[in-house]
Amino acid sequence: MKRILVPSVLSALALSGCGEPSCLSGADDCVVATACEDLAFTCDGGTTQVYVIDDVSQIPGGISASGAIGDYVLENDQVKVVIEALDHPHYLGISGGSIVDMVVPGQDHDSLRHYWQATGLLPFDYVEYTELEVLEDGDVKSIQLHGTLQGRPDAPVHTRYELHPCEPGVRIRTEIVNLEAEPSSWALLDGMYFGGRENLGFAPFPGGGFKFREFGLGDLTEVMTPVPYVVSGMHTEPAATYATIACNDETVTTFLTEEIVPVGVSPTLVMPRDYIVFERFLAVGDGSAVSVGADLALEVRSQLFDEPYTELSGSVSVPQDDNSAVGEGIRALVTISEGTLAMDAEERTPWTVAIPDDDGAFTVRVPADRSYVAEVEAMGRVVAEAEVDVGSSAADLGDIELPAIADVSLSGTLNGADDGDEIYLLVHPSDDLTLEESEGIMLGHFESCAPMLGHPYGGSPACNRVLVREGDVETVSLVPGTYDFFAVAGPFSTLARVGGVVVEPGTAQSVHLDLETIDGLQPAGTLTGDFHIHARSSFDSSLPDVDRMRAVLASKLEVMASTEHDLVYDFSQVAADLGASDDIAIMTGTESTGHVLWYWNPTVTYPQVTGHWIIWPLTYDPGAPWRGAPWDELVEPGELFTRAADLSWPADSGVIQLNHPVGGVQFGRDFGWASAALIDGNEDLNDDDATTQGLFSRTPEGSDFANDDYHVQEIMNGTNNGQFLQYRAFWHYLLNQGVLRAGTANSDSHTLTDNVVGTPRTLVTTDTTVATFDPVTFNAAVREGRMTGTNGPVLLVSTTDDAGDTRAPSLDIFEPGDSAELSIEVRAAPWVDVQEVRIVVNGEVVETLTDLAAQPDPLSIPAAAADVVRLQTTVSLAGLLPDSGDAWISVEAGTPLIDNADLDCDGWPDTGDNNEDGSIDWRDVEGVEEAPESDCFAIGDAGPLKDPPIPEDRSSADYFFHAVTPHGYPLAFTNPLVLDLDGDGEFTGVTQ
Amino acid sequence: MIALLLATALAGPCDDTDRGMAVGPSTNNPRPGDLGSGHRVCPRSEIGGSVSGGLVVDGPAFYGNIAGGLSAQGSWAVDDKTELYAQFEIVRYDSLISAFSDSTLGTGHTMVGAARRLAEGESWGFAAHTRLVLPTASALYKNAFPFAADLGGTFELRAGPFRPHATVNTLFSAAASAGPADPWFGVGGTLGTEIRAGQTFGVVLDAAGTYGYGVSGLDHLSLEPAFRFGFSNVMSAELGFHMPLAGRAHAPLGVELAVMGRWP
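Heads up: the protein sequence lines correspond to chains A and B, in order.
To get my numbering, take the position in the first sequence, counting from 1, and add 5.
To get my numbering, take the position in the second sequence, counting from 1, and add 2.
No wet-lab data here; the hints were simulated from the structure.
Note that the coordinates shown come from a computational prediction; the quantities given were computed from them, not determined experimentally.
One or more hints might be untrue.
Quick partial rundown of chain B residues pointing at chain A, CB under 10 angstroms, derived from the structure [said to hold, decoys possible]:
id: 1; residue: A63
id: 2; residue: S97
id: 3; residue: S100
id: 4; residue: D104
id: 5; residue: A141
id: 6; residue: A176
id: 7; residue: A177
id: 8; residue: S179
id: 9; residue: A180
id: 10; residue: D184
id: 11; residue: D221
id: 12; residue: H252
id: 13; residue: A253
Glycine is no exception: its CB is placed at the ideal position from the N, C-alpha and C atoms.
Build out the structure end to end from the sequences listed, making use of the hints.
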């Protein structure tokens with residue numbers, strides 16, 4: 006009976022007195038009212054146009070560029086905005102209709118990953134647009150969208166993006182009506198998605214600026230803060246900066262996170278039939294400084310709310326004996342906060358951040374008639390403050406002198422030649438005092454670095470990492486102190502170190518490092534690959550493509566799978582531009598990364614995503630949505646594989662990799678499939694789709710693949726192999742269950758800082774070579790598990806089958822010979838410590854070999870190939886294997902593993918002896934003060950894992966390893982030898 | 003059974019044995035102004051107040067709703083068959099708890115109504131009633147202001163300690179708004195009985211339901227028990243509950259305590 010025809014008398018009553026022509030009443034031919042009517046920008050020759058992208062050249066460039074053929078463009082003389090076609094949703098959007106790119110026309114600096122609408126965090130809070138219209142009214146061009154909240158037809162939403170000539174941004178008006186029978190609490194928001202290593206949100210409020218407030222899901226409302234505007238700055242170049250200003254309210258409400266910056270209307274209790282309207286202006290300016298956006302925001306607010314602003318100028322300078330120059334954010338960032346030096350910093354309100362130009366000068370807009378403090382950050386540390394009173398006319402802050410720093414020119418060679426090899430250098434403090442004085446953190450975010458040479462997520466130099474091309478010199482600026490310089494070219498090279506370099510303020514000096522490739526270390530017939538690599542195309546990376554490729558080349562990887570999150574990118578042209586096409590085989594793939602929470606797991610009541618999966622090869626299509634990758638939302642793994650096969654993924658020869666299968670969540674999204682599905686390592690898998698153990702192999706409806714139709718799994722992920730024990734436990738569990746999947750080792754590198762690309766890596770035994778690279782042959786070896794994984798040690802393991810043929814690790818099932826032996830050889834570069842070899846049978850370490858050759862001088866150069874051999878031995882298989890049933894064997898090498906236990910009883914280790922009392926129990930669990938009532942912690946409540954200690958002696962061999970393998974310890978593993986001991990011709994698992 | 007009840011019927015539907023105690027079907031539904039509730043057959047002149055609260059908890063949907071109010075209400079027996087009545091929520095608090103929560107505090111709704119007994123026998127009566135609910139909840143509505151009305155009838159029977167009653171209602175509401183008026187129509191009813199234990203205590207066992215009001219099917223089917231207390235010929239109190247059994251997902255669990263003073 007609901008909503009039958011409106012009686013005419015009631016219509017007259019209902020509409021009288023309000024009279025706001027728009028789409029609130031849901032009329033079929035409605036036009037959403039103009040937003041921000043009080044705005045008026047003028048210019049000469051302003052133009053507007055609206056069109057559909059039909060050529061790749063129309064897609065803006067930039068770190069976050071995502072537009073595709075078929076998307077819509079609103080463009081004037083100041084701004085170009087790309088709005089997704091309805092069938093091109095991205096990231097957290099469940100339909101198209103959101104902004105994916107926004108630039109100043111002619112600039113390839115798109116830094117806006119995604120800008121979409123929602124009223125909350127849950128699936129039914131997301132806006133789903135179903136209708137898109139182009140509106141043209143003279144010079145005013147608009148895109149209008151109609152839809153509803155997801156699955157809620159009685160929550161209609163209407164949005165209009167509207168572009169006027171001369172305006173440096175787009176006007177947006179969104180209307181949502183509650184036609185449901187129950188009240189809702191809606192925070193009508195634009196979600197600005199930045200992913201984690203890209204833009205940072207900035208908002209003026211006391212103690213705010215870039216400072217985020219800690220919060221959990223239960224106190225989101227409390228951290229929502231009303232602010233005059235929100236700016237997002239990129240902080241690496243080329244970049245655009247964005248500002249959002251509300252038009253129908255004097256504030257917008259926001260909370261800041263590194264992944265998402267929501268901007269919108271405060272949470273509002275909306276009764277049935279009531280509605281909310283959000284009008285805003287989204288502005289864009291060229292450059293990475295917050296001041297670019299803040300200047301625009303203050304201009305908009307002056308027009309809308311008659312708020313006066315004025316200009317504040319100033320400069321920073323370097324001491325006379327300092328050779329360094331200003332002009333980049335790393336050398337000087339000036340935060341202007343309302344308040345006085347006498348005030349606590351938490352009471353000041355940051356309004357803008359300037360990056361001084363090459364002469365050290367800066368000019369920013371600030372609200373008039375207030376007092377301000379200028380805080381200068383250099384090399385990630387606050388180094389100076391100044392105070393100024395500002396009236397209604399332009400003011401001058403004066404000059405602020407920066408502390409002197411020093412220059413060090415870096416160079417290096419590989420194999421003595423000057424043939425353009427790339428060299429990867431790391432700089433570390435030589436002592437604790439230098440560590441303390443050189444450690445910095447940009448803007449209070451990103452990673453802490455000691456020393457801070459550049460934006461940790463930008464191009465070289467980044468954090469304490471530098472790329473140097475043979476024959477070139479790279480000059481970096483350092484805070485005075487004493488430093489050690491390291492270089493390495495992957496696990497098959499020597500380690501170079503120049504230690505104890507004293508850097509005096511205002512000085513310049515040079516450091517040179519020479520590397521050698523070590524003969525005989527890489528096994529013949531292998532290629533080294535890294536199948537998990539990101540760069541700027543991923544939502545959580547700002548690393549320029551050229552620096553990504555330079556780092557890959559410096560690591561001496563031979564095969565890389567380009568695996569950007571959610572999209573495909575091909576580095577072939579980048580490699581060609583570097584003259585390195587012959588040095589690296591490139592396969593294009595994608596890392597599917599679920600963003601949209603949905604209800605797929607029948608064993609839980611909350612929405613989830615299904616973890617991360619890598620799929621290669623996929624054809625790179627520069628004009629396609631997601632550049633040729635499948636849309637990866639709202640699907641179980643089997644459906645995802647189907648979508649990939651429907652595009653360009655060859656199901657018969659391609660590879661699907663399960664990434665980091667066990668782990669937590671990242672901004673509320675599970676990144677591990679096994680953890681998301683709540684697979685219990687203490688229980689057998691089954692075929693019941695309604696159980697956690699059945700989800701593993703379930704075939705989703707309409708899918709051509711089952712969820713377990715993947716080929717390989719990461720056993721080592723990241724240079725920090727802290728979660729190795731969990732990934733290994735899941736892999737061993739599957740092998741024991743008879744689910745044969747190969748293991749890989751990948752860096753998962755996103756930047757020059759987080760993980761060292763190629764560390765760890767996978768050694769693939771294959772007939773193909775880089776020069777004649779055949780991806781089908783190579784991928785066949787990957788699928789068959791003819792691989793070992795390593796961050797240093799090299800393992801060569803084999804045995805013989807019942808026919809006397811040699812069998813190396815793979816997923817091949819064979820009967821071992823009666824007197825078969827396990828042959829083990831371990832090789833390692835001098836800087837890699839190998840203390841033990843572990844023989845793992847059916848998931849248990851059955852023998853540990855410790856009689857390895859001693860580690861030589863870590864900086865030595867082996868004179869002969871034999872010098873890299875640490876162990877050559879054989880072990881009788883008979884003594885290793887169980888009395889009955891089949892078996893599998895994996896061999897590991899490295900330093901001893903640290904004990905960790907499974908305190909939440911899900912089958913995967915989660916907690917170490919963190920209090921170092923000799924036992925692992927509840928006392929080791931972070932934040933727990935008393936013994937739990939249950940024997941098991943709730944899943945996810947235990948932890949953390951404990952890693953081997955970080956070496957403290959900066960002259961020790963293990964410190965040298967850590968210096969080039971941050972937070973890693975020497976480790977290698979082989980894929981299994983799968984033994985059909987009962988002779989039935991198959992392997993169906995083992996009994997535990 | 004009916005014969006037994008009729009056999010034990012008292013002198014008339016509106017005899018004076020009720021002292022100050024509330025009579026008729028319960029009025030504990032959580033809609034503003036008791037919209038859709040029954041109304042007593044026998045006019046009274048009363049004045050009093052009530053406090054009420056409602057609660058919805060839906061963990062899986064991350065949805066919670068807490069509402070509470072303090073109302074002043076009264077009625078005037080125009081004659082022995084006609085009554086005018088009104089209610090004004092002096093204070094109303096609403097809190098919607100989800101990922102993003104919000105609360106409002108302000109004045110609440112205003113209700114005016116009228117009832118007239120149209121038929122009666124020695125032990126039964128039938129009255130028609132109507133209400134108009136006005137959107138005076140100052141903090142609750144931002145842009146759309148719903149008006150609501152109902153029209154219904156109540157049948158009451160007196161049979162010793164048992165006082166069965168039944169109500170049918172038609173409900174309507176629509177918003178004054180720049181958005182859609184979104185009229186809601188529905189039908190509802192109450193069926194139950196009051197059981198008297200002397201002149202100072204009674205228990206009401208009612209079941210109530212509404213169909214089509216704001217939803218396409220069953221809005222709610224609820225139990226609405228109440229306890230009635232008579233303190234004197236003037237003062238009475240009623241503690242009532244609204245316990246949804248079926249219908250839309252977020253029908254609230256409600257409670258209301260009313261204290262009334264009656265005069266001839």
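A quick look at each hint next to the structure:
1. A63: 8 angstroms, holds
2. S97: Holds - the Cβ of S97 (chain B) comes within 10 angstroms of chain A, reaching about 8 angstroms at its closest.
3. S100: 5 angstroms, holds
4. D104: Holds: closest Cβ of chain A sits about 4 angstroms from D104 (chain B), inside 10 angstroms.
5. A141: Since the shortest Cβ distance to chain A is 9 angstroms, the answer is holds.
6. A176: OK, holds: A176 (chain B) within 10 angstroms of chain A, min 5 angstroms.
7. A177: Holds. Min distance 4 angstroms.
8. S179: For S179 (chain B), the interface hint holds, since the closest Cβ of chain A sits about 6 angstroms away, which is under 10 angstroms.
9. A180: Status holds, d = 4 angstroms.
10. D184: 5 angstroms, holds
11. D221: D221 (chain B) check passes; min Cβ-Cβ to chain A is 7 angstroms, inside 10 angstroms.
12. H252: 5 angstroms, holds
13. A253: Result: holds, 9 angstroms to nearest chain A Cβ.
Violated hints are absent here; each numbered hint is respected by the structure.
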